[in-house]
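**Student:** Letter by letter, the chains look like this.
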Amino acid sequence: MKSRTIACTLIVLLTLCPGSFGQAPTAADLAALRAQIDALKADYDRRIQALETQFQALQGQAQPAQPPQVPPTQAPAPAGGQQPPAVEVPPGAQGAGGPGGSLPVYGGATAGSKVFNPDIAVIGDFLGAAGSNKVNPDPALEMHESEAAFQAIVDPYARADFFFSFGEQGVTLEEGYLTFPAIPGGLLVRVGKMRAAFGKVNTLHNHVLPWTDRPIVTNNLVGGEDGIDDAGFSVARLIPNKWIFLEATGQVFRGDSNDLFRSSKRGDLSYVGHLRGYQDITDNTNIDLGLSFSRGHNASGIVDDIDVGNFRTTLYGADATVRWRPLQRSIYHSFVGRSEVVWSRRAQPNGMQRALGYYVSGDYQFGRRWFVGGRYDWSKRADNASLLDKGESAVLTYWPSEFSQVRGQYRRTQYAIGPIANELLMQFQFSIGAHGAHPF
Amino acid sequence: MKIKICLAILAALLISSLPARAQGKLNVIATTEDLAAIAREVGGDHITVDSIAKGYQDPHFVEAKPSFILKLQRADILVLVGRDLEIGWLPPLIQQSRNSKVQVGADGYLDASLQARILEVPQGQITRAEGDVHPLGNPHYWLDPENGKIVAREIFDRLVRFRPNDRAYFEQRLNDFVNRLNDEEKRWVAMMAPYKGTKVVTYHRSFPNFSERFGLDIVGYVEPKPGIPPTPQHTLDLINDMKRQNVKLVLVEPYFDLKTPNSIGRATGAEVMVMPPSVGGVKEVTDYFKLFDYDLNLLINAIKKTRTSN
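In order, the protein sequences belong to chains A and B.
Its first residue numbered 1, the first sequence is counted upward by one per residue in my numbering.
Its first residue numbered 1, the second sequence is counted upward by one per residue in my numbering.
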């Protein structure tokens with residue numbers, strides 16, 4: 001209001017002034033005018049000073065004065081025993097007790113930001129094949145898979161694991177899931193894309209298999225190399241009892257797992273259930289048993305993306321593993337014997353196909369770096385149970401270190417149709433980056 | 001219909017009774033028998049203590065057996081060696097334990113190495129060209145009684161956090177343990193004083209803290225690099241080095257094969273002795289005190305033997 005008054009006075013003065021220039025001003029007029037201007041100037045200065053003081057006072061109220069420089073760990077002692085008024089300081093703000101100095105530039109390459117990077121590892125799987133296989137030939141030389149793993153704790157409640165599988169042609173998300181390890185009720189909950197808990201081999205990544213390939217029963221009945229690997233939820237719980245380790249797992253997936261399950265609408269979910277029993281027989285020997293079930297829509301009734309036939313595949317599985325590892329010489333000798341049986345019931349336009357398949361394998365470690373093993377395969381085909389494939393393999397593995405291995409496998413396969421395949425398969429596997437957990 | 005039955009069975013299994021949590025005694029699970037022995041000293045009969053790895057097995061290569069998941073599921077406190085010793089097997093056990101108390105960062109998760117004196121922390125760039133090197137330092141730190149006291153105090157703090165009412169009991173036991181260890185340590189150091197500077201070769205890098213405390217001079221390793229099995233060339237080089245430096249002792253952990261150490265012993269005239277780095281490594285070593293008693297007596301007898309044979 002005061003500034004407006006001053007402005008009006010100025011305008012009036014300026015308006016009046018030109019009129020006075022019409023007459024010759026006398027010396028007395030000029031002196032009077034100068035005195036008036038000086039008086040006005042002094043008045044303006046006084047008022048501007050007053051305004052500035054008011055403005056500073058208002059600023060002071062809106063923004064508290066800078067706190068005195070004290071070490072961040074020392075809380076200032078209240079004077080006279082009086083508690084200062086509690087002022088809530090937002091986390092991260094100055095005075096909130098967080099780290100001092102300049103804030104990190106997010107996205108910038110600051111050294112501190114790497115602390116929270118996930119554990120990163122890359123595992124290379126190079127395969128070579130020689131001999132004859134006219135039915136299902138592998139390339140002579142192939143960088144079969146480069147698996148990149150990113151794993152970290154997300155927050156106090158969850159951890160995340162990502163496994164990207166880079167082939168020579170493209171990349172797929174093999175697994176990417178969030179795990180809640182401590183949900184009330186003793187549940188272990190997973191959300192994301194994951195290998196389903198159907199049997200043993202389906203849960204294992206290529207680099208932890210004791211062979212260069214997967215058993216025929218996996219390829220014929222359980223979805224091939226990728227197996228049942230889909231997006232969904234998993235809930236696992238330990239069943240308390242006095243005798244053995246018993247774990248039940250229930251999983252619900254979208255319903256897309258390679259050739260095994262195909263979902264054409266949202267309701268076409270697939271399900272997996274697994275019951276695992278484990279018992280130490282001695283300190284050196286243990287037995288691991290499992291029962292599995294899976295069900296989902298198959299692709300045989302889908303025409304133009306519509307599931308006309310509404311056909312389903314149901315899988316039943318049983319697995320048994322016996323392990324022996326003398327504790328005192330655990331790095332030199334071990335034996336793992338394993339078998340899985342899978343029964344597939346696949347509804348399709350030409351009727352129900354009931355196919356059985358299994359494998360039996362044994363792997364013996366006879367030195368710190370040396371393993372020898374064998375596997376027998378027997379499996380009918382899911383879409384034509386009258387066709388039977390059989391195979392035998394002998395495997396020799398050498399570990400230069402914990403982080404690399406060289407493997408040779410002789411494989412003889414008797415396909416239902418076509419000549420017998422005799423092949424020599426070779427594998428180099430190597431791991432760089434973070435030290436992963438040893439498979440069990 | 002069958003799906004529904006299966007789902008119902010599964011749901012019934014999942015919803016079945018919650019695991020009974022033992023109230024009363026605090027349940028401590030240690031990854032090794034050494035940590036279990038120290039926890040037992042501090043906790044006395046107010047806690048139950050169990051361990052995962054046996055003292056005679058290689059603690060780097062323990063299998064993540066489901067039976068260990070059950071142990072962790074019931075644990076109130078998990079005490080681990082840390083420094084990546086258990087990196088190959090403990091994380092999946094913790095993750096599958098369904099026990100929020102022992103998850104990383106929780107109150108029941110105790111990395112015993114955090115205050116201990118850690119040796120051989122790699123400096124500068126490290127790669128696996130140096131073998132299975134521990135980037136956070138050598139994890140065999142419990143083989144120094146001074147570190148044993150530090151670990152005991154850490155365990156005491158954690159026990160008190162869970163059972164504040166038992167503070168006086170735990171404190172009395174901690175003080176008693178530390179006092180006894182102080183006395184014994186003086187005796188052990190005095191026992192070893194005449195043999196200070198004795199040159200030895202060890203199989204793996206398990207004894208740096210032990211050597212520092214009791215004055216041994218480790219001049220080489222049977223392993224060419226940590227976690228890498230002996231190679232002929234390295235063994236030859238080691239034999240030549242031992243002859244040059246007149247090394248007469250080869251210390252081998254109970255879980256390593258004796259074939260190469262014995263051939264080194266034959267070539268150099270050195271005494272090859274199996275020396276347990278852990279409680280439970282041999283039957284006689286049943287607690288933390290007996291570990292040092294056993295190892296030092298074994299060592300002194302072997303040194304005497306090599307000196308008389310020379």
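Treat the hints as calculated values from the structure; they're not laboratory data.
A few of these clues could be false.
To be verified - Taking lysine to aspartate or glutamate and the DMTMM-like style, the derived pairs with C-alpha atoms no more than 25 Å apart in a straight line are:
id, chain 1, residue 1, chain 2, residue 2
1, A, K242, B, D50
2, A, K200, B, E63
3, B, K283, A, D280
4, A, K193, A, D305
5, B, K243, B, E212
6, A, K193, A, D161
7, B, K101, B, D111
8, B, K101, A, D119
9, B, K290, A, D119
10, B, K243, B, D217
11, A, K242, B, E63
12, A, K114, B, D132
13, A, K114, B, D84
14, B, K259, A, D280
15, B, K101, A, D155
16, B, K199, B, E185
17, B, K225, A, E402
18, A, K134, A, E392
19, B, K149, B, E171
20, A, K114, B, D217
21, B, K259, A, E402
**Student:** For each hint, tell me whether it holds in the structure or not.
**Tutor:** Here's how the hints hold up against the structure:
1. At most 25 Å may separate the alpha-carbon atoms for a hinted pair to count; A/K242 and B/D50 meet this at roughly 18 Å.
2. Restraint check: the Cα-Cα separation between A/K200 and B/E63 comes to about 17 Å, which is no more than 25 Å; the hinted pair holds.
3. Restraint check for B/K283 and A/D280: satisfied, since their Cα atoms lie roughly 22 Å apart, inside the 25 Å limit.
4. With a C-alpha separation of about 23 Å, the suggested pair A/K193 and A/D305 falls inside the 25 Å cut-off, and the hint holds.
5. Distance restraint check for B/K243 and B/E212: the Cα-Cα separation of roughly 23 Å lies within the 25 Å cut-off, and the hinted pair is therefore satisfied.
6. As the CA atoms of A/K193 and A/D161 are separated by approximately 10 Å, the hinted pair is consistent with the 25 Å bound.
7. Using a Cα cut-off of 25 Å, the hinted pair B/K101 and B/D111 holds, with the two alpha carbons roughly 14 Å apart.
8. Pair hint B/K101 plus A/D119 holds up; C-alpha atoms about 23 Å apart against a cutoff of 25 Å.
9. Between B/K290 and A/D119 the CA atoms are separated by roughly 39 Å; this puts the pair beyond 25 Å, and the hint is violated.
10. With a C-alpha separation of about 15 Å, the suggested pair B/K243 and B/D217 falls inside the 25 Å cut-off, and the hint holds.
11. With a C-alpha separation of about 22 Å, the suggested pair A/K242 and B/E63 falls inside the 25 Å cut-off, and the hint holds.
12. With a C-alpha separation of about 22 Å, the suggested pairing of A/K114 with B/D132 holds against the 25 Å cut-off.
13. A threshold of 25 Å between alpha carbons decides the hint, and for A/K114 with B/D84 the separation of about 19 Å falls inside it, so the pair holds.
14. Taken as a hint, the B/K259 and A/D280 pair is broken in the structure, with Cα atoms around 30 Å apart against an allowance of 25 Å.
15. At roughly 15 Å between alpha-carbon atoms, B/K101 and A/D155 fall within 25 Å of each other, so this suggested pair holds.
16. Pair hint B/K199 plus B/E185 holds up; C-alpha atoms about 21 Å apart against a cutoff of 25 Å.
17. Using a Cα cut-off of 25 Å, the hinted pair B/K225 and A/E402 holds, with the two alpha carbons roughly 12 Å apart.
18. In summary, the hint linking A/K134 to A/E392 is supported, as the alpha carbons are separated by about 17 Å, within the 25 Å threshold.
19. Between B/K149 and B/E171 the alpha-carbon distance is near 13 Å, which keeps this suggested pair within the 25 Å criterion.
20. As the CA atoms of A/K114 and B/D217 are separated by approximately 38 Å, the hinted pair breaks the 25 Å bound.
21. Taking the CA atoms of B/K259 and A/E402, the gap is near 21 Å; set against the 25 Å cutoff, the hint holds.
In this structure, the earlier hints numbered 9, 14, 20 are contradicted, and the remaining ones agree with it.
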